[in-house]
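A.B. asks: Start from the sequences and build out the full structure, keeping to the hints where you can.
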Amino acid sequence: MQVFIENLAASHNYQPTRLLLILRAIQARYHYIPQPAIMQLAGLLDIPSTQIIGVIEFYSFFHLVPRGQYEVLISDSITDAMLGKHKLMDYLSEKLQLTVGAVRNDGVVSLDNTSCTGLCDQGPAGLVNGYPLTRLDRSRLDQIADLINQQKPLDEWPRELFRVDDNLIKSGMLLDRPIARGAALDATFKRGLQETLAEINQSGLRGRGGAGYTTGWKWHLCYEGSEQDAFCDVAAQQQQQRYVICNADEGEPGTFKDRVLLNSYADQVFEGMTVCAVIIGATQGFMYLRGEYLFLYDKLLAILDQRRAAGLLGNNILGKGLSFDIEICLGAGAYICGEESALIESLEGKMGIPRNRPPYPVTQGYLGKPTVVNNVETFLAAAAIAEQGGDWFANIGTDKSKGTKILSICGDCQHPGIYEYPFGTTVQTVLDDCGADDVLGVQIGGPSGTFISNQEFNRKLAFEDLATGGSFIIFNNSRNVLDVVNNFTHFFAHESCGFCTPCRVGTSLLKKQLDKIIEGHGSAGDVVALEELCRLVKNNSHCGLGQTAANPIITTLERYPELYQAQLKKISYEPGFDLDGALETARRMAGRNDPAAHLAQTEAEHE
Amino acid sequence: MANKIRVATTSLAGCFGCHMSFLDLDERLLQLAELVEFDRSPITDIEHCTNCDIGLIEGGVCNSENVHTLREFRKNCKILVAVGACAINGGLPAMRNFIPLEECLSEAYLDGIGVENPQIPSDIELPLLLDKVRPIHEVVKIDYYLPGCPPSADVFWKFLTDLLEGREPELDYGLVHYD
Amino acid sequence: MSKTITIDGKTIPFEDGQTIMQAATAADVYIPHLCHHPDYTPHGSCKLCTVKVNGRNCSACTFPAAEGQDVLNNIKELTDDRQKITQMLFVEGNHFCPSCEKTGNCQLQAVAYHLNMLDDHFPLFYPHRNVDASHPDLMIDHNRCIFCTLCVRASREHDDKDVFALSGRGINKHLIVNSISGLLKDTDMDMHDHAAHICPTGAILIKRTGYQVPIGERIYDHQEIDAVSLATEQQHGE
Numbered sequence: 000m001q002v003f004i005e006n007l008a009a010s011h012n013y014q015p016t017r018l019l020l021i022l023r024a025i026q027a028r029y030h031y032i033p034q035p036a037i038m039q040l041a042g043l044l045d046i047p048s049t050q051i052i053g054v055i056e057f058y059s060f061f062h063l064v065p066r067g068q069y070e071v072l073i074s075d076s077i078t079d080a081m082l083g084k085h086k087l088m089d090y091l092s093e094k095l096q097l098t099v100g101a102v103r104n105d106g107v108v109s110l111d112n113t114s115c116t117g118l119c120d121q122g123p124a125g126l127v128n129g130y131p132l133t134r135l136d137r138s139r140l141d142q143i144a145d146l147i148n149q150q151k152p153l154d155e156w157p158r159e160l161f162r163v164d165d166n167l168i169k170s171g172m173l174l175d176r177p178i179a180r181g182a183a184l185d186a187t188f189k190r191g192l193q194e195t196l197a198e199i200n201q202s203g204l205r206g207r208g209g210a211g212y213t214t215g216w217k218w219h220l221c222y223e224g225s226e227q228d229a230f231c232d233v234a235a236q237q238q239q240q241r242y243v244i245c246n247a248d249e250g251e252p253g254t255f256k257d258r259v260l261l262n263s264y265a266d267q268v269f270e271g272m273t274v275c276a277v278i279i280g281a282t283q284g285f286m287y288l289r290g291e292y293l294f295l296y297d298k299l300l301a302i303l304d305q306r307r308a309a310g311l312l313g314n315n316i317l318g319k320g321l322s323f324d325i326e327i328c329l330g331a332g333a334y335i336c337g338e339e340s341a342l343i344e345s346l347e348g349k350m351g352i353p354r355n356r357p358p359y360p361v362t363q364g365y366l367g368k369p370t371v372v373n374n375v376e377t378f379l380a381a382a383a384i385a386e387q388g389g390d391w392f393a394n395i396g397t398d399k400s401k402g403t404k405i406l407s408i409c410g411d412c413q414h415p416g417i418y419e420y421p422f423g424t425t426v427q428t429v430l431d432d433c434g435a436d437d438v439l440g441v442q443i444g445g446p447s448g449t450f451i452s453n454q455e456f457n458r459k460l461a462f463e464d465l466a467t468g469g470s471f472i473i474f475n476n477s478r479n480v481l482d483v484v485n486n487f488t489h490f491f492a493h494e495s496c497g498f499c500t501p502c503r504v505g506t507s508l509l510k511k512q513l514d515k516i517i518e519g520h521g522s523a524g525d526v527v528a529l530e531e532l533c534r535l536v537k538n539n540s541h542c543g544l545g546q547t548a549a550n551p552i553i554t555t556l557e558r559y560p561e562l563y564q565a566q567l568k569k570i571s572y573e574p575g576f577d578l579d580g581a582l583e584t585a586r587r588m589a590g591r592n593d594p595a596a597h598l599a600q601t602e603a604e605h606e
Numbered sequence: 000m001a002n003k004i005r006v007a008t009t010s011l012a013g014c015f016g017c018h019m020s021f022l023d024l025d026e027r028l029l030q031l032a033e034l035v036e037f038d039r040s041p042i043t044d045i046e047h048c049t050n051c052d053i054g055l056i057e058g059g060v061c062n063s064e065n066v067h068t069l070r071e072f073r074k075n076c077k078i079l080v081a082v083g084a085c086a087i088n089g090g091l092p093a094m095r096n097f098i099p100l101e102e103c104l105s106e107a108y109l110d111g112i113g114v115e116n117p118q119i120p121s122d123i124e125l126p127l128l129l130d131k132v133r134p135i136h137e138v139v140k141i142d143y144y145l146p147g148c149p150p151s152a153d154v155f156w157k158f159l160t161d162l163l164e165g166r167e168p169e170l171d172y173g174l175v176h177y178d
Numbered sequence: 000m001s002k003t004i005t006i007d008g009k010t011i012p013f014e015d016g017q018t019i020m021q022a023a024t025a026a027d028v029y030i031p032h033l034c035h036h037p038d039y040t041p042h043g044s045c046k047l048c049t050v051k052v053n054g055r056n057c058s059a060c061t062f063p064a065a066e067g068q069d070v071l072n073n074i075k076e077l078t079d080d081r082q083k084i085t086q087m088l089f090v091e092g093n094h095f096c097p098s099c100e101k102t103g104n105c106q107l108q109a110v111a112y113h114l115n116m117l118d119d120h121f122p123l124f125y126p127h128r129n130v131d132a133s134h135p136d137l138m139i140d141h142n143r144c145i146f147c148t149l150c151v152r153a154s155r156e157h158d159d160k161d162v163f164a165l166s167g168r169g170i171n172k173h174l175i176v177n178s179i180s181g182l183l184k185d186t187d188m189d190m191h192d193h194a195a196h197i198c199p200t201g202a203i204l205i206k207r208t209g210y211q212v213p214i215g216e217r218i219y220d221h222q223e224i225d226a227v228s229l230a231t232e233q234q235h236g237e
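Residue numbers (numbering that gives the first Met the number 0), protein chains in the order written: chain A, 0 to 606; chain B, 0 to 178; chain C, 0 to 237.
In short, the hints are calculated from the structure, not lab data.
Each residue gets a CB set at the ideal place from its N, CA and C atoms; glycine is no exception.
Treat the hints with caution; some may be incorrect.
Okay, the calculated beta carbon distance ranges per label pair [claimed, not checked]:
hint, chain 1, residue 1, chain 2, residue 2, range
1, C, G209, B, E106, 54 to 62 Å
2, C, P135, B, R166, 47 to 55 Å
3, B, D25, C, N53, 53 to 61 Å
4, A, S10, C, H127, 35 to 43 Å
5, C, H127, B, R27, 40 to 48 Å
6, A, D514, C, D187, 43 to 51 Å
7, A, S10, C, I74, 51 to 59 Å
8, A, S10, C, N53, 46 to 54 Å
9, A, E93, B, G113, 40 to 48 Å
10, A, P33, B, E106, 31 to 39 Å
11, C, H127, A, V233, 45 to 53 Å
12, B, D142, C, H127, 27 to 35 Å
Taking lysine to aspartate or glutamate and the EDC-like style, the derived pairs with C-alpha atoms no more than 20 Å apart in a straight line are [claimed, not checked]:
hint, chain 1, residue 1, chain 2, residue 2
13, B, K3, B, E36
14, A, K349, C, D161
15, C, K75, A, E531
16, C, K184, C, D161
17, A, K511, C, D118
C.D. replies: See below:
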């Protein structure tokens with residue numbers, strides 16, 4: 000192992016920023032990160048061992064104790080649950096003869112849950128040693144269990160198990176007509192760099208991750224500096240090394256558009272990054288690819304190589320004397336890294352904890368240098384705009400939301416997949432197109448977004464109405480809203496980074512309080528207490544995760560207050576834990592089961 | 000007599016320290032006696048409380064009997080008050096929460112040093128232990144909290160006189176202590 | 000003319016580069032805090048110092064003061080939230096003040112007193128956490144850690160040692176130390192390090208000193224944290 004670690008560290012030039020990639024390699028080989036490896040790495044990378052342990056314990060895909068040689072993870076996404084995930088999990092657990100969360104005694108296999116894998120259009124889905132398993136059903140699970148029990152190497156498993164389809168169902172101005180390789184850069188150089196930035200501004204393009212910051216302005220600030228930012232030394236800004244980062248950490252449950260864009264439009268995404276780089280004067284770019292999309296990694300590397308060979312990356316791009324290259328970094332299972340400053344921390348080889356802002360990344364980003372972070376779809380659109388011009392884009396959409404939005408549609412509909420719509424399209428239009436009927440409601444923008452009821456389907460997808468990063472989950476009338484809210488609330492508690500008090504403790508309290516109500520232990524004041532807690536977490540949390548973690552409860556409580564009230568008992572108070580259950584150990588040890596050895600949950604039941 | 004405020008007190012999983020502190024009211028007890036009549040309390044030996052205005056609960060909930068007592072108080076007291084650290088957060092008895100109950104009972108009755116005739120006590124008269132000690136607000140609704148280990152006599156005085164004189168009880172800085 | 004902000008209507012001068020917390024402290028305005036210490040890089044994690052800046056919630060300890068900011072600090076909405084956030088810190092750990100050496104000198108407790116916190120409000124977590132008493136002069140009681148990272152920062156920024164770090168995610172966050180055994184005795188920690196003296200709670204204690212000052216005669220037994228904090232932090236700021 001010592002030699003392996005030494006070579007591994009050497010291959011990464013002993014750079015602490017590469018810590019995640021190094022740990023991924025160790026985890027893949029040993030199925031955990033052994034203690035000696037941590038101490039050796041601390042020496043080789045010249046960082047405290049605590050930083051390495053911190054990173055291991057922060058990311059879901061790293062472990063301090065051995066996992067199975069086959070690490071099987073099944074997605075916890077609400078859409079997978081709707082497709083029967085829970086029963087399948089029980090089946091697989093029985094089939095493999097191990098409990099969920101455990102490693103089998105022979106060390107061959109471990110089984111656990113994982114947050115949404117970005118395969119909601121072809122679930123139930125999972126991962127084995129990081130590679131996606133799709134369309135799981137009992138027969139596939141039989142097959143998988145057999146392969147594991149025979150200890151068949153992963154590359155000998157039938158390819159069909161790993162098949163990931165694009166499911167591109169409706170394309171619009173961007174997906175209809177991908178640009179030819181190099182066309183956007185050609186156009187950029189022909190038109191002029193500042194002139195191209197003007198076109199990006201003219202297009203009205205706003206960030207596609209959901210927050211909707213104006214892309215051209217972000218690029219401008221990164222280059223020129225910001226007078227408004229107290230941390231920004233405007234004079235020094237233009238002298239600095241700058242970075243371009245593509246945020247491909249698509250973790251919002253129900254979102255999978257970036258998976259498709261990177262599988263079939265990666266060239267154009269890289270071209271968008273390169274256009275940005277030549278405009279702002281960056282020489283280095285990164286794509287932060289979520290760990291769940293490991294299956295795209297080699298393909299993306301190959302495309303980068305092709306682009307280098309074509310003179311579109313590397314030194315002297317298209318003979319214009321500008322240099323830029325792109326490196327792909329993989330995440331390791333942490334939703335929070337989709338937040339841009341957490342992503343930057345992660346790229347620097349640290350825990351993904353969102354930074355204090357200001358300073359913003361455009362002033363102090365990667366390694367403290369000015370950095371543009373944009374979504375995959377934003378770079379895709381930017382490349383198209385660089386080629387076609389701003390007006391072409393601005394002519395589509397609404398007043399404040401120009402162009403189109405690419406949606407990941409899943410849940411209760413006939414045709415889950417990728418759809419591109421002009422901004423301003425109504426929810427009803429989308430529902431009609433994807434074959435959804437008897438709809439109860441739609442979760443727009445994922446758990447951190449908004450739940451809308453079937454009274455609101457005339458609302459429009461646009462920043463001025465329903466903003467979305469692309470997640471569009473449909474629920475029909477057979478679904479229970481509280482099940483959905485419960486899934487989302489548990490998700491946030493699991494993914495909270497734990498940095499700030501209101502989110503670290505608050506998301507766990509939200510989970511407890513919601514569980515109390517859903518499990519029927521709620522009484523008169525419990526919904527009010529829940530609302531109060533929602534407000535507290537939303538208003539006081541450090542970053543977007545905490546500020547939106549209560550949205551599933553808030554948006555459904557607004558629309559379906561009676562659903563919550565119906566869960567409550569008509570008494571003034573009930574304990575939030577199982578009182579009689581709390582006597583179980585004492586009963587067993589005392590060998591009692593008489594009436595006095597039991598407690599009713601509430602006073603009323605007692606009488 | 001008829002117009003006196005009826006007060007009940009009890010100690011659940013507590014040490015009676017809060018009750019002792021209450022007695023530190025000393026000569027003010029005489030003043031209080033003009034206004035207050037004690038119902039169920041260690042002071043009176045009345046076994047069950049009926050129709051009280053104020054119930055003062057010391058101690059957390061560690062066994063089934065505590066639950067019954069607490070419910071009796073909740074049912075019969077208009078205002079229920081958590082008195083002292085143990086009632087509020089479980090206090091020192093709750094430090095057993097980090098050891099599984101099975102281990103606690105085994106150590107005490109089966110395999111601890113000096114245990115003779117090892118057996119887990121089992122009698123229908125004996126209350127069973129809960130797996131964790133709980134603060135009382137996790138079992139019934141509580142109206143007021145008097146922190147301290149114990150709350151000083153001044154805390155009791157301030158709280159009761161505020162209530163008796165129709166003010167919303169407030170504890171000033173110097174009266175709030177957790178130790 | 001120097002630049003100014005207003006806090007609760009009071010005009011307060013500031014210098015470029017100062018945070019709202021720094022400007023407030025210099026002007027004798029107390030903003031409750033636990034993870035902030037004037038000697039160390041602001042962290043912004045406890046969120047007790049949340050103030051409204053032009054209507055928006057910001058952490059006073061990290062947010063830069065800027066000309067004309069209208070800051071609200073001592074208003075009911077914020078102090079209510081601060082009390083709830085303090086209650087969160089109490090329920091997520093195991094804070095049994097009567098059995099803690101730090102009682103009366105504890106800033107968590109003092110902030111709670113200041114906010115008139117009388118109960119825990121939320122259900123208690125009773126997490127299982129360890130005590131590391133391996134070091135000859137120091138001990139860590141993880142039950143009382145509130146993840147403020149003051150020891151992490153003091154060890155890194157002042158002691159030049161990197162003894163401490165936070166690890167884990169979400170509610171599983173925990174303090175770890177830099178040694179092969181994971182124990183404090185095997186680090187290069189010394190009882191004279193700043194990191195040994197900076198803990199706002201009783202999580203890091205110097206052994207054999209706990210009861211030199213009797214309970215009842217300690218810092219916050221007679222003084223409120225706003226006065227103590229302003230007095231000590233103004234000195235540090237000089």
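A.B. asks: Under the constraints set out in the numbered hints, which ones does this structure not fulfil?
C.D. replies: 1
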